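Protein chains in written order, with this note's numbering: chain A, 366 to 690; chain B, 313 to 822; chain C, 245 to 548; chain D, 926 to 1262; chain E, 429 to 766.
These are calculated hints, taken from the structure and not from any lab test.
It should be emphasised that the depicted structure is a prediction, and the values quoted were computed from it without experimental measurement.
Among the hints, a few may not be true.
[Unchecked claim] Listed next, the stretches of chain D that the computed footprint assigns to chain A, with coverage defined by at least 3 CB atoms under 8 Å from CB atoms of chain A:
1) 1109-1119
2) 1138-1148
3) 1169-1182
[As the list claims (entries may be wrong)] Lysine-lysine pairs mimicking DSS-like chemistry, simulated, CA-CA at most 27 Å apart:
4) A:LYS380 / C:LYS435
5) B:LYS574 / B:LYS373
6) C:LYS317 / B:LYS615
7) D:LYS966 / C:LYS444
8) C:LYS317 / B:LYS651
9) C:LYS270 / A:LYS380
10) B:LYS333 / B:LYS530
11) A:LYS378 / C:LYS270
12) D:LYS1054 / C:LYS444
13) A:LYS380 / C:LYS277
14) B:LYS647 / C:LYS280
15) D:LYS1016 / D:LYS938
16) C:LYS444 / D:LYS1012
17) B:LYS647 / B:LYS333
18) D:LYS998 / C:LYS449
19) D:LYS1194 / A:LYS569
20) B:LYS699 / C:LYS317
21) C:LYS449 / D:LYS1101
22) D:LYS1195 / D:LYS1128
23) D:LYS938 / C:LYS435
24) D:LYS1128 / D:LYS1101
25) C:LYS435 / D:LYS1195
26) C:LYS376 / D:LYS938
27) C:LYS435 / D:LYS1016
28) D:LYS1019 / D:LYS1059
29) D:LYS1011 / C:LYS376
30) A:LYS567 / D:LYS1019
31) D:LYS1195 / A:LYS569
32) B:LYS638 / B:LYS619
33) E:LYS552 / A:LYS441
34) C:LYS444 / D:LYS938
35) B:LYS712 / B:LYS779
36) C:LYS444 / D:LYS1016
37) B:LYS417 / B:LYS443
Beta carbons are placed, not taken as given, at the ideal position from N, Cα and C, and that holds for glycine.
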Amino acid sequence: MLLEVKNLTTEFKVKNGTVRAVNNLSFGVNEGEILAIVGESGSGKSVTSLSIMGLLSDNGKVASGEILYRGEDLLKKSEDEMRAIKGDKISMIFQEPMTSLNPVYRVKDQIMESILTHNPKMDKKEALKHTVDMLRTVGIPSPEERAEDYPHQMSGGMRQRVMIAMALSCQPDLLIADEPTTALDVTIQAQILELLYEMREKFKMSVMLITHDLGVVAEAADRVVVMYCGEIVESADVKALFEKPMHPYTLGLLKSIPRLEDESTDPLYMIRGMVPNPLHMPQGCPFSDRCDRCMDICRKKKPELRPVGDHLVRCFLYENGEETK
Amino acid sequence: GGSKRASSGASGSNSGTVALKDTFTYAQGADPRGLDPAYVDDGESAKVMCNIYEGLLKYSKDSTQVQPCLAEKYEVSADGMTYTFHLRKNVKFHDGTPFNADAVKASIDRQLEPNVSDEMPYASFVFGSIKAKSGVKEVKVVDENTVEIDLFSPETPFIKNVAMVMAAPIASPTALKANNGNLNEKPVGTGPYKFVSWDKGQNIKLVRNDDYWGEKAKTKNVVFRFITENSARDIALTSGEVDAIDGISASDVSQLTGAGDKIFSADGMTINYMAYNVTGTKFKDVAARKAFSQAVNVPELVKSLYKDYATPATSIMPFFMNAGSKDVKSTSFDKAAAKAGLAKAGITSVNMITYSNPRPYNTVGGQVLAEAIQGYLKDVGVTCNIKTYDWTTYKSVVQKGDYDVCFYGWTGDNGDPDNFMNLLDDPDPSMNVAHYNNPDYHALIGKGLTTAAGADRDKIYTQCEQKAADDNVWLVISHAKNLAAYSPKVSGYYYHVTGITPFAGVTVAK
Amino acid sequence: MEENKEIAETSSITVGLEEKPESIWKSVWDSLKKNKAAMISLVFIIILVLVAVITAIFPGVLPHDPYEQNLAKSFAFPNAQYWFGTDQLGRDIFSRILVGTRVSLSVGVIAVAVSLTCGVLLGSIAGYLGGKVDTIIMRLMDIMLSIPSILLAIAFMAALGQGIDKAIIAISLVSIPEYARIVRGEILSVKQNDYVQAAKVIGDKNSRIVFHHVLPNVMSSIIVRATLGISSAILDASALGFLGLGVQPPMAEWGDMLGRARNYILSAPYAMIFPGLAISLSVLAFNLLGDGLRDALDPKSRQN
Amino acid sequence: MSEEVLLDVQHLKKYFVVEKNFFGQPTSLLKAVDDVSFQIKKGEAFGLVGESGCGKSTIGKMIVDLYTPTDGKIIFNGTDLSALSKKDRRKYCKDIQLIFQDPYASLNPRMTIGDIIAEPILTNHLRPKNEVEKRVEELLNCVGLSGSYRNRYPYEFSGGQRQRVGIARALAVEPKLIVCDEPVSALDVSIQAQVLNLLDDLKEEFNLTYLFIAHGLNVVKHISDRVGVMYLGKLMEIAPKGELYHNPLNPYTQALLSAIPSVDPNNRKKRIVLEGDVPSPIDPPAGCRFCSRCFKRMDGCESFDSILREVSPNHHVACKLYEQAGPGEAEHDKKEA
Amino acid sequence: MVKYTIKRILMLIPVLLGVSLVVFLIMRVFSPDPAPVVLGEHASTQAMQAWREAHGLNEPIWLQFIDFLKNAVTGNFGVSYYTNQPVSNEIMSRFPATVELAICAIIFASVFGVLLGVVAAVHKNTFADYASTLVALAGISMPIFWLGILLILLFTGTLHLLPSTGRIDPMLQPTGGTGLYLWDTLTSGDFEAFGNAVQHLIMPTLALSLYSMAIITRMTRSSMLDTLNQDYIRTARAKGITRRRVIRHHALRNAMIPITTVIGLQFGSLLGGAVLTETVFAWPGIGKYTVECIQKSDFPVVQAVVLIIATIYVIINLIVDLIYAFLDPRIKYSKEEG
Ligand SMILES: Nc1ncnc2c1ncn2[C@@H]1O[C@H](COP(=O)(O)OP(=O)(O)OP(=O)(O)O)[C@@H](O)[C@H]1O
Ligand SMILES: Nc1ncnc2c1ncn2[C@@H]1O[C@H](COP(=O)(O)OP(=O)(O)OP(=O)(O)O)[C@@H](O)[C@H]1O
Ligand SMILES: [Mg+2]
Ligand SMILES: [Mg+2]
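Looking at chain A on its own, in the form it has when it is part of the complex (with noise of 0.2 Å):
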């Protein structure tokens, strides 16, 4: 295993208290695969993937848990000791692409700094060199040119790719792309999906794909993970969670998007209310008060994770490993 999460447990202090975002979340990563985390807004992707990569705002910290990259912990790792790994073994794109970019400093300068930054022994020409020829790898047309621009002289999928091309240009072990295409336009999307594939068979690294949209999901992922409430709700193998999704939230979820293929007019299925309030968590499972098919224990106790057949499921359903009705 590449990557391993064991109970990590995230937390943010604001104002009225202290927010739990991520909560005793195990997961793994294997060699050359693409796992999806998928979930509402708020339900602790993105903080999960900062958790890993040490760069959680000043508020928020890890409470408990592990974080074994090829079997290291990184949270007792150094400042120093992590900044190599960062960008180097590890790197990670973000939802936002028109924010991402420094304004104020040319493509080229972005890119080469990563470069410079872990192969301190390379020159400069060398590196401008590398850097355009991941600007091409990544797709951007005259690469030479393009490297020149600053980031508002590019469009939104353009700068994703140059972000891309950052990202894998000290070419990692492991890429986290945080919702990397969310802000795009649908035909660009696709694009940058695409380049994604492309680029992890190229290099041959593992991706931790975070996104809600389980179109997406579908599409590239090997692996699922679904979170809500900062807890993984059901975990499984791509195809088997498609087939068969388990926990009511993830079937919710597949129920309530409108497909393409569907042609009744029927009302879309709705998922009730909303997530919780991650101040005032609900005091059994954080997903009761939605569930069409809530219990009373559901109410009092919280659920674990435990294996069902190929899943990993958090539900009182599936108490016995197996679904009661």
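Based on the hints, put chains B, C, D and E with the ligands in the right spot on chain A.
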């Protein structure tokens, strides 16, 4: 006028053994307006100019008695209309031009019609006006070293005017020609110091004139620095940035002496007064004016406002200008009488106008003075509404005459009593702020002008003063002392009654 | 931006929707209450206001008559009788500072009120109407802004003459452009908001849109500016007073007291230290309160 | 749905001036909407899709009078709105309403929900004052919110709830036509469905007509009857929903459809990936706007007039491929599953 | 860019015209009559009338204004009423003092303001943050003149460390040159004079710059906090570069964009603050002189000074805008209006 003055000036302790600095730095409150005696009217200019220029005559060190200077002697004709000056020989201007009768004529002629210009504030005061047939009629060059000046009518003050630092000094005719007749920026005279440079707002530097005809100046360089704020000057002196300062406020004296600095204090030629508007509604009657005057305890007021650095006034002129001053009887403090008198006159409120800036005759500024008087009048049930204006505005406001009482003052120019007393006879309301107009008084002034200097003349002016006191035209408040402070290392410093500061005798120990 | 919205969404839900609704001002107040510095300042300002009002209504509470001179006791060192000493005319500095509160506060408040009104009016017209009107108004403001305000104020004072009313006019005049600019900028940005467009779509008239939708949303930044503006008006007034252009005697004004005492800093430093402290502390209080208000009015901080 | 046309947009254009010379004359134009015509029938939901910046919102804003058209007509119920004076135009406010994309920015944060909904009623004098409150409650219930929320402020609500308030505000004037400008794109998946269902229900209940603007074809599909596809200020294709999804004719529509990932890991399709980005709408090239990215580009596209032609009944396409084509000859592309 | 600059310079003309008109109106229509001051204690009513006539003050105001404009265009601002010297001489002899002080102050304020602001932002909610916030609060709350006097009391009155007045010991004063003593003494290699000039500059600079420094500190702090929250900072951190480089290279560079505006604006307010500072420290500059001239109704001087200061102010704003372009590549001037 005679003079008997208590001078606590810097005693010239001629300790020849002490090593001397070659620079004397003096701080005053403002830049001179200019350095051409014909073009300026302010004390700050005078202090600098008196070191560069000389006139035909000069005042003696501690009075306004005239003494020879560039003229070795002079004669007045019997009718008092012709003055003949015998000039000193072998004197050169700083630019090398020889000093002679032509130079004298040039210096005076430029201030006579038709050459005189608007910007020459003292020209008519010193030399009169040909149009108005007063003052100088003609300057005649008798020979290289003799000049004859003819007047239109006998004028006793003329000889004092010739010793003034304004208008009267003789400037180099070559320099005048080279600078379009205006030496404001490039003064050239015959004095003990030569002009070096003037950095506006900062300083003026002078250097010793080594070709001086008389005793050479003792210190090589003189620097005048311009520091507006009183407190800033005080600090500059205590911290050793400058060697001497003037215009210090009375309340800082103890601080300065405490720091080891010395104070120079001598009666100044000033009067600080409050004028009643005698043509106004409230103070038409002498009785009302008298009652108001009685309400103010002048000695107490002066003591607290000016500490020991102004003398409570009992008459218009300081004693040293006119021995008779002491005999003048003025209205004195009487609270009960004041209350009764004011009630009788039906005065319950008074409009006062005053100026905000400190003036040479009133170092605390008109506002503080007005407030103090406001306080006294409150005790007798009269409300004073004070309106304060800065000096610029004040002069225009005064002109309009829209007040019951106003504050004003006067600094003497030449030590002649006419220079003071003539104020109450001036037809111009901006000079004669009380709007006083009395035929008897007018007659006295006219007589004084033509009477030859001496005891008889002094008596005439004493009568003037008594008349003004009886009529309660002014509430005379104080004669400011000329206050200056200098470091104990300085010797030979003095501040003349006319407000000038000749530095030729000053030394500064290292 | 994106993230804030999301945090906002998740956190806003549980405000137990059946509870009594909470007005915006109450929540601003709640969040202001947590800011210690702002609360201390607020208390200080309330005390200032009380002092100003009480000394005006019951001058008897003052330890001494602030206008009563006692020439015999001029420049008394601070002592049990005269806590802050006496000034040149022997007046009690402490009483004068208390009375001066009224002058400083009213200069601050009135000047801000006047300049704010004019500034808001000009800024709203320029910002909302745009086009030529905007250009003309803003050029005018540019002209005023390019003369240092203190010089402009001094010139106004020199022209108008001395007096507290004149000082207020001068200070108000010179601070109009700043308000106009701020309001215009805010209006331009609020104008872009969808809710303003929504108001147009439902058929609101321009005037209603400005007064109902635009201005109230600019209000919070105006309030903050105004609070900070009071502090700079107090500073400006004291600067004018210091230069001897402030008030007519015997009125007590802090800057004026300081300016007069300046000539005696060596002999009577207390005569300038205390008025200076009074100015600094009041200015500080208004600044801190303004900062606190800004934080409290910031929608980001209100969400939780 | 009747056959009566409620909204008829004819040759609508909107050009923004991006650069002026010293004398204030435009030197560069942004053609946000360039000669667009379509009709919406009473009771119909017309979907308008296209990528960011193609001019969808601009059309919507012209219809609700937030922008003044550069050229063209907007005929509502037989009246040409673009020819009316400002004052007369205002009378139509209550007939045409807009729902905004951003539920956070479209509600005045200083007003209570009740006031926000009451405002259009009062402005347009639709109810006597004393009935307004009742009406507000009614509207709130309509959009699935409790009437007791009336005194709350927008910041106390979630995005989905705010969008409901926005819908209630639009409904308050009892409009005939509602322009929905991406009403769900800012919402979470689970909330999206709630709002879409609500809009669907309301349409039935109040016999509304929708112009429904969206980014992607999947959202539009559920709600609209007919769909128009836009690209760079021009309409590329208009067809009834079923027709468009099963038989997209314009290559752009095809690409757009194929870009939507399917929710079935067993059916990972080969998608059409377009090259490059949408070109800038500033001084766009003549001819077919899509030709720089088109995978079926051929000679003459650069000079194609880009006019919609009816290829089969009710199916209009602007593409060189169908320039001469009658309905029968239309190239039937491989259908996307 | 060149086109933009030219356009901006052209736009100065109406502003400066407006400034001239405003000052002209204030001075000539509303201000007190200069005659009594110019003519001094001995001014008679008649003399004053003659003087006004001679100086064209009896002409219709618009004629006076046109006259003034005509002369101003040729750089002739007339002659000071009070000293009879050409106004340009009077101003030029005092100008360097103010320029030197203002430059030192703005450098001091910028350097320390940015430094404190960055430290405060980077160490938010720590002692360093509170300390610099405190300094900033003190800076915006203390009247300049009071601070100046306190400094004098301390450094000159009590400690006798620094000179309280003037720019330099007059005997060390450099002659000729630019009038900027630091520059003049340094270029002529006169280090004693340089040291002396520095000593004189310390307190005025401190007093004048504290307010601006406070404003810059606050601006820097908030701008840095804002920037540090930006996505691209996270990107930079994800690259594995050092914290220091993130702050200096990525955050500060972006934060500088709004800070530059504030610094530009502060330069304007420094020119105003100079009035008070120069008064307190007897600094022979243009600010104090202008106040004196306003009070003396020396119209020609006031008109010229205000026009010059306004020009400087507007030019500084222009420069700030140009610096923007350098700092922020997103700005394209060709498309901007004003
Ligand atoms: N800096 C922070 N301070 C306080 N709370 C935070 C912070 N960052 C995240 N959170 C909280 O953590 C929770 C999870 O946030 P996270 O950003 O991981 O969501 P997400 O799943 O990435 O959602 P999205 O799809 O919107 O990106 C949220 O409830 C949020 O309120
Ligand atoms: N007020 C305006 N001034 C100048 N250009 C504008 C203005 N409004 C819109 N545009 C431009 O017009 C074009 C079309 O904009 P519009 O908002 O209609 O696009 P859209 O299709 O709604 O996009 P999105 O999906 O991002 O909402 C864009 O290029 C936009 O930049
Ligand atoms: Mg996220
Ligand atoms: Mg849009």
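Verification of the hints:
For the segment 1109-1119 of chain D, the assignment as covered by chain A holds, since 7 residues bring a beta-carbon within under 8 Å of that chain's beta-carbons and 3 suffice. Check on the segment 1138-1148 of chain D: 7 of its residues sit with their Cβ under 8 Å from a Cβ of chain A, so the three-residue criterion for coverage holds. For the segment 1169-1182 of chain D, the proposed coverage by chain A is satisfied: 4 residues have a C-beta within less than 8 Å of a C-beta in that chain, meeting the threshold of three. Between A:LYS380 and C:LYS435 the CA atoms are separated by roughly 31 Å; this puts the pair beyond 27 Å, and the hint is violated.
Using a Cα cut-off of 27 Å, the hinted pair B:LYS574 and B:LYS373 holds, with the two alpha carbons roughly 19 Å apart. For a cut-off of 27 Å, the pair hint linking C:LYS317 to B:LYS615 stands: about 12 Å separates their Cα positions. With a C-alpha separation of about 25 Å, the suggested pair D:LYS966 and C:LYS444 falls inside the 27 Å cut-off, and the hint holds. The straight-line distance between the Cα atoms of C:LYS317 and B:LYS651 is roughly 25 Å, inside the 27 Å bound, and the hint therefore holds.
Between C:LYS270 and A:LYS380 the CA atoms are separated by roughly 17 Å; this keeps the pair inside 27 Å, and the hint holds. Distance check on the hinted pair: B:LYS333 and B:LYS530 sit about 10 Å apart at the alpha-carbon level, within 27 Å; holds. For the proposed pair A:LYS378 and C:LYS270, the alpha carbon gap of about 24 Å is at most 27 Å, so the pair holds. The hinted pair formed by D:LYS1054 and C:LYS444 meets the criterion: a straight-line CA distance of about 21 Å does not exceed 27 Å.
A threshold of 27 Å between alpha carbons decides the hint, and for A:LYS380 with C:LYS277 the separation of about 13 Å falls inside it, so the pair holds. Taking the CA atoms of B:LYS647 and C:LYS280, the gap is near 57 Å; set against the 27 Å cutoff, the hint is violated. Restraint check for D:LYS1016 and D:LYS938: the C-alpha separation of about 23 Å stays at or below 27 Å, so the hint holds. Of the supplied pair hints, the one linking C:LYS444 and D:LYS1012 holds, its CA atoms being roughly 12 Å apart against a limit of 27 Å.
Pair hint B:LYS647 plus B:LYS333 does not hold up; C-alpha atoms about 56 Å apart against a cutoff of 27 Å. This hinted pair checks out: D:LYS998 and C:LYS449 have alpha carbons roughly 24 Å apart, not beyond 27 Å. Taking the CA atoms of D:LYS1194 and A:LYS569, the gap is about 22 Å. The hint holds against a cut of 27 Å. With a CA separation close to 25 Å, the supplied pair B:LYS699 and C:LYS317 stays within the 27 Å bound.
A hinted pair counts as satisfied when its Cα atoms are at most 27 Å apart, and C:LYS449 with D:LYS1101 qualifies at roughly 22 Å. Using a Cα cut-off of 27 Å, the hinted pair D:LYS1195 and D:LYS1128 is violated, with the two alpha carbons roughly 37 Å apart. Taking the CA atoms of D:LYS938 and C:LYS435, the gap is near 24 Å; set against the 27 Å cutoff, the hint holds. Restraint check for D:LYS1128 and D:LYS1101: satisfied, since their Cα atoms lie roughly 10 Å apart, inside the 27 Å limit.
Pair hint C:LYS435 plus D:LYS1195 does not hold up; C-alpha atoms about 46 Å apart against a cutoff of 27 Å. Annotation: proposed proximity of C:LYS376 to D:LYS938 holds, straight-line Cα distance about 26 Å (limit 27 Å). For the given pair, C:LYS435 sits about 23 Å from D:LYS1016 by alpha-carbon distance, which is consistent with the 27 Å threshold. For the hint pairing D:LYS1019 with D:LYS1059, the CA-to-CA distance comes to about 19 Å; that is within 27 Å, so the pair holds.
Among the hinted pairs, D:LYS1011 with C:LYS376 is consistent with the structure: their alpha-carbon atoms are about 20 Å apart, no more than 27 Å. At roughly 58 Å between alpha-carbon atoms, A:LYS567 and D:LYS1019 are farther apart than 27 Å, so this suggested pair is violated. Taking the CA atoms of D:LYS1195 and A:LYS569, the gap is about 22 Å. The hint holds against a cut of 27 Å. Restraint check: the Cα-Cα separation between B:LYS638 and B:LYS619 comes to about 21 Å, which is no more than 27 Å; the hinted pair holds.
Annotation: proposed proximity of E:LYS552 to A:LYS441 holds, straight-line Cα distance about 25 Å (limit 27 Å). A threshold of 27 Å between alpha carbons decides the hint, and for C:LYS444 with D:LYS938 the separation of about 21 Å falls inside it, so the pair holds. Restraint check for B:LYS712 and B:LYS779: the C-alpha separation of about 26 Å stays at or below 27 Å, so the hint holds. This hinted pair checks out: C:LYS444 and D:LYS1016 have alpha carbons roughly 12 Å apart, not beyond 27 Å.
For a cut-off of 27 Å, the pair hint linking B:LYS417 to B:LYS443 stands: about 19 Å separates their Cα positions.
Checked against the numbered hints listed earlier, the structure breaks hints 4, 14, 17, 22, 25, 30; every other hint is satisfied.
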